[in-house]
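Chemist: Listed below, chain by chain, are the residues.
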Amino acid sequence: MRNVITYVIAFLFILTLNFLLPRMLPGDPLMAIYGNEALIAMTPELKAHLVERFALDQPLWQQFGAYLLALVQGDLGHSYYYNSPVSSIVLGRLPWTLLLVGTALIISTLSGIVLGIESGWRRGSRRDKSLLTSLMAVSGFPDFFLGILLLIGFSVTWKIFPLSGAITPYSGLSGAALVLDVLHHLFLPATALTLSYIGASYLLTRNTMVTVLKNPYILMAKAKGLPDRVVRYQHAGRNALLPVITQTGIQLGRMVTGALFVEIVFAYPGLGYLTYEALLARDYPVLQGVLLIVAVSVLIANFLVDLSYSKLDPRIRYAH
Amino acid sequence: MLKLEALEVSYGEKKILNGIDLELKDGESLAVIGESGAGKTTLALSLMRLVDGSVKGKILFNGLDLLSLPEEAINELRGNRIAWAPQNSNNTLNPVHTILNQVAESITEHKLKNRREAGKQASILLSSFGIPVNRFSAYPHQLSGGEQQRVLLAIASANQPELLILDEPISSLDAPARAEVIELLKHTNQDCSFIVTTHDISTAAKLADKVAILYAGRIVELGLSGEVLSRPRHPYTRGLIRCYPDMTTGKDLQGIKGVMDRSVNGCSFHPRCTQAIEICRKEIPPLRLIQGRHIACHRGGIIPLLSTKNLSKRFDSLLAVDAVKITIEGGETLALVGESGSGKTTLAKLIMGLIEPTEGEIYLEDSLVSNRGKDFYRQVQMIFQNPGESLSHRLSVLELVRESLDIQEIGARDERDRLVRQVLREVELPDSEAFLNEYPHHLSAGEMQRVTIARALVLEPRLLIADEPVAFLDSSLQAKILKLLLKLQEQRGLSLLFITHDIAVARKISDRIAVMKDGKIVEQGPATKIITSPGHAYTRKLSQAALDLSLED
Ligand code: SF4
Numbered sequence: 013m014r015n016v017i018t019y020v021i022a023f024l025f026i027l028t029l030n031f032l033l034p035r036m037l038p039g040d041p042l043m044a045i046y047g048n049e050a051l052i053a054m055t056p057e058l059k060a061h062l063v064e065r066f067a068l069d070q071p072l073w074q075q076f077g078a079y080l081l082a083l084v085q086g087d088l089g090h091s092y093y094y095n096s097p098v099s100s101i102v103l104g105r106l107p108w109t110l111l112l113v114g115t116a117l118i119i120s121t122l123s124g125i126v127l128g129i130e131s132g133w134r135r136g137s138r139r140d141k142s143l144l145t146s147l148m149a150v151s152g153f154p155d156f157f158l159g160i161l162l163l164i165g166f167s168v169t170w171k172i173f174p175l176s177g178a179i180t181p182y183s184g185l186s187g188a189a190l191v192l193d194v195l196h197h198l199f200l201p202a203t204a205l206t207l208s209y210i211g212a213s214y215l216l217t218r219n220t221m222v223t224v225l226k227n228p229y230i231l232m233a234k235a236k237g238l239p240d241r242v243v244r245y246q247h248a249g250r251n252a253l254l255p256v257i258t259q260t261g262i263q264l265g266r267m268v269t270g271a272l273f274v275e276i277v278f279a280y281p282g283l284g285y286l287t288y289e290a291l292l293a294r295d296y297p298v299l300q301g302v303l304l305i306v307a308v309s310v311l312i313a314n315f316l317v318d319l320s321y322s323k324l325d326p327r328i329r330y331a332h
Numbered sequence: 002m003l004k005l006e007a008l009e010v011s012y013g014e015k016k017i018l019n020g021i022d023l024e025l026k027d028g029e030s031l032a033v034i035g036e037s038g039a040g041k042t043t044l045a046l047s048l049m050r051l052v053d054g055s056v057k058g059k060i061l062f063n064g065l066d067l068l069s070l071p072e073e074a075i076n077e078l079r080g081n082r083i084a085w086a087p088q089n090s091n092n093t094l095n096p097v098h099t100i101l102n103q104v105a106e107s108i109t110e111h112k113l114k115n116r117r118e119a120g121k122q123a124s125i126l127l128s129s130f131g132i133p134v135n136r137f138s139a140y141p142h143q144l145s146g147g148e149q150q151r152v153l154l155a156i157a158s159a160n161q162p163e164l165l166i167l168d169e170p171i172s173s174l175d176a177p178a179r180a181e182v183i184e185l186l187k188h189t190n191q192d193c194s195f196i197v198t199t200h201d202i203s204t205a206a207k208l209a210d211k212v213a214i215l216y217a218g219r220i221v222e223l224g225l226s227g228e229v230l231s232r233p234r235h236p237y238t239r240g241l242i243r244c245y246p247d248m249t250t251g252k253d254l255q256g257i258k259g260v261m262d263r264s265v266n267g268c269s270f271h272p273r274c275t276q277a278i279e280i281c282r283k284e285i286p287p288l289r290l291i292q293g294r295h296i297a298c299h300r301g302g303i304i305p306l307l308s309t310k311n312l313s314k315r316f317d318s319l320l321a322v323d324a325v326k327i328t329i330e331g332g333e334t335l336a337l338v339g340e341s342g343s344g345k346t347t348l349a350k351l352i353m354g355l356i357e358p359t360e361g362e363i364y365l366e367d368s369l370v371s372n373r374g375k376d377f378y379r380q381v382q383m384i385f386q387n388p389g390e391s392l393s394h395r396l397s398v399l400e401l402v403r404e405s406l407d408i409q410e411i412g413a414r415d416e417r418d419r420l421v422r423q424v425l426r427e428v429e430l431p432d433s434e435a436f437l438n439e440y441p442h443h444l445s446a447g448e449m450q451r452v453t454i455a456r457a458l459v460l461e462p463r464l465l466i467a468d469e470p471v472a473f474l475d476s477s478l479q480a481k482i483l484k485l486l487l488k489l490q491e492q493r494g495l496s497l498l499f500i501t502h503d504i505a506v507a508r509k510i511s512d513r514i515a516v517m518k519d520g521k522i523v524e525q526g527p528a529t530k531i532i533t534s535p536g537h538a539y540t541r542k543l544s545q546a547a548l549d550l551s552l553e554d
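Chains A and B, in that order, are what the protein sequence lines are. Quick note, in the numbering used here, the first sequence goes up one by one and the last residue is 332. Quick note, in the numbering used here, the second sequence goes up one by one and the last residue is 554.
Since the hints were derived computationally from the structure, they do not count as laboratory data. Only a predicted model underlies this, so the values are computations on that prediction, with no experimental measurement involved. Note that beta-carbon positions come from the ideal geometry of N, C-alpha and C, so glycine has one too. Any given hint could be a false lead.
Unchecked claim - Residues on chain B that point at chain A, a partial pick, calculated with CB under 8 Å:
(1) Leu51
(2) Val97
(3) Ser107
I would like the entire structure built from these sequences, with the hints used as guidance.
Modeler: Structure representation (structure tokens):
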């Protein structure tokens with residue numbers, strides 16, 4: 013319950029920030045809210061309409077009310093660059109980012125955990141050492157740099173993967189062929205993200221394993237005559253998982269930022285690429301919309317991680 | 002079924018177990034007793050082949066050499082034919098699995114039953130160990146420490162092992178629960194052999210047929226538990242039993258002097274042993290069968306320090322001491338209990354040579370005492386009933402305490418003075434110049450008694466005979482002087498012959514009690530036994546009298 017309250021507070025904070033930031037900028041608030049593009053289309057009628065729409069002639073708290081009201085109605089503003097509502101632009105791009113980040117998050121966390129368990133089980137063994145060095149080396153590179161390397165290697169030189177985009181345009185594919193096409197485009201950006209984030213969950217799992225293995229229940233599990241695999245995963249791994257899950261929640265925010273860059277490298281039509289386009293066009297409404305949606309998604313994802321954490325650790329589930 | 006041969010376990014340079022030989026037959030149970038750090042847990046784990054250190058020697062389990070089995074084969078045995086239950090501590094049970102699963106897992110992973118049947122079997126086990134049904138799907142942290150311990154025992158019993166190793170299994174339970182769990186263990190695992198490691202002597206006595214006493218990684222005494230615990234023969238075993246808080250004797254907690262040190266040469270116990278001789282410092286005593294008991298001691302175990310045979314004294318028509326046979330062992334307290342006129346003091350005087358026996362002999366460490374020279378009095382000293390009478394009023398404290406040193410011609414003058422000061426501090430008296438020059442009649446009764454104790458101790462005797470040393474003191478002083486005597490005994494490994502009419506006092510301080518009536522010893526034995534089940538009507542009468550007195554207070 014207390015958790016939920018924390019999330020509500022965080023959510024309100026994000027809303028307020030999103031509302032206040034453009035209005036704090038010096039100069040014409042309309043200009044700040046609507047960007048360059050709007051000025052070109054600006055007529056006195058439109059201006060009057062906008063001032064009324066944002067209650068710009070009213071005190072700040074009434075402006076806030078108007079802002080919230082618009083939000084509730086799903087109105088994130090209007091992009092004059094794309095000449096369509098911001099909400100539909102952002103929502104159109106969101107699935108691609110979700111696909112990219114989701115894939116990378118799941119794969120990097122799962123493989124990080126499995127490799128971490130294997131590595132920590134026999135710390136100091138040859139396998140542990142080679143895993144440690146190679147994973148540390150890979151995740152030392154920034155994600156976009158890995159992206160560029162992959163792009164040059166696999167798309168430019170060997171031409172195995174497409175250079176950009178999320179699907180082949182105008183191909184008219186459907187069904188399984190479409191899925192394959194999507195995966196084909198997804199592969200390189202997802203790999204770049206996965207590789208640069210796998211190190212964190214791997215390292216944490218490995219270190220947690222080392223302390224978990226010192227627990228008496230590990231000795232107990234061995235004394236029960238359980239097979240090695242069972243001791244390693246059911247008993248040690250299961251306990252080593254807990255801090256990694258927490259970290260994944262924290263990781264998520266960073267990964268979303270990472271995805272923005274990777275999307276730019278691969279011209280992947282997600283929110284990152286949208287941000288890039290909006291920045292170039294000074295399309296403020298879109299930027300704000302992205303900011304809001306990203307912040308809220310990260311918040312929701314964190315909440316889900318919290319929930320799953322308490323599922324995994326009975327000591328938290330039954331704490332009360 | 003189980004045989005250990007020259008088992009040796011070491012972690013790096015450090016040897017934890019050394020030359021352990023043991024044998025266990027089908028259905029037999031053995032308790033391994035020792036203080037913490039003696040190597041009990043290492044022994045238990047090495048039987049599971051779960052120690053990290055290097056293991057040498059042989060462990061034969063039904064003909065299988067456990068140390069040379071491949072890992073899969075030993076894993077087959079673990080938790081199945083040989084099971085282990087550790088002492089419950091934080092996180093002995095896995096916090097993220099339900100207790101039912103943790104029991105059932107032992108069964109399913111050995112492929113003995115399918116999931117459903119294993120679950121059923123686990124439920125039966127848990128309820129027989131007293132876990133309520135609604136707790137089966139609980140997680141460990143939802144259970145009390147006692148319940149967790151029961152779960153551990155249920156896990157160990159899951160596959161009806163042939164050998165069950167219990168490592169401090171029930172110390173975390175309270176006394177009534179202990180008794181119950183012991184019964185349960187015996188019942189659930191019929192025909193199973195047990196090895197129990199514990200520092201709790203009463204658990205050992207209840208659970209095991211045999212006991213092995215472990216000291217610094219070696220077995221020092223091995224025998225039937227009833228015999229070893231009621232009549233220990235290795236000096237360490239006696240010390241261990243002595244410091245065990247046992248409600249039945251009420252003897253004050255008293256340890257063994259010093260601490261365990263693994264690095265000494267020779268017998269590892271020698272720095273703490275009251276009867277160590279030259280060879281003890283050089284050679285490690287092997288575990289040998291000596292008169293029906295396995296003992297590792299160069300001197301064959303506890304030796305009698307002083308014994309009397311057929312000792313009698315006749316005053317005209319009165320037979321004051323009648324064919325008395327007593328033995329005082331090194332480092333022990335023997336209480337001689339009897340009413341006034343029973344001949345206790347006469348016996349003491351006979352031993353001290355203050356009067357001549359009519360008949361019988363006295364032996365000091367196996368040699369007959371004929372004429373007592375200085376040598377005898379260096380080893381045997383006595384303190385008397387009334388300190389006021391036994392201290393000469395013309396001598397100062399310094400002169401009084403130094404007197405025996407002067408007689409024995411020990412050390413130079415200032416060496417003697419130093420010894421006097423030291424012994425005064427030991428008996429908790431000031432060693433100031435002023436006090437040294439004090440005369441006895443200026444001292445309080447308590448101080449006077451301490452001076453007489455100092456006088457006796459300054460020669461560092463091995464046996465101190467104390468004749469009603471507290472009878473003249475009020476009860477708070479009594480307690481203090483008794484404590485002092487016990488402390489000195491522990492520090493110096495002194496033997497004490499404590500003469501008293503009060504069986505309540507005797508029970509507080511003695512290892513053994515001899516009851517004397519009309520010049521005869523009518524009963525003697527371990528203090529516990531004499532107090533809880535007196536064999537002679539007279540002893541019962543004395544106990545009853547002491548009880549009545551204490552009720553009047
Ligand atoms: S007498 Fe010697 S061998 Fe025996 S216990 Fe004492 S020190 Fe060890």
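Chemist: Could you run down the list of hints and mark each one as holding or not?
Modeler: Hint by hint, here is what the structure shows:
no.	hint	in the structure
1	Leu51	holds, 6 Å
2	Val97	holds, 5 Å
3	Ser107	holds, 5 Å
Comparing the model with each numbered hint stated earlier shows that all of them hold.
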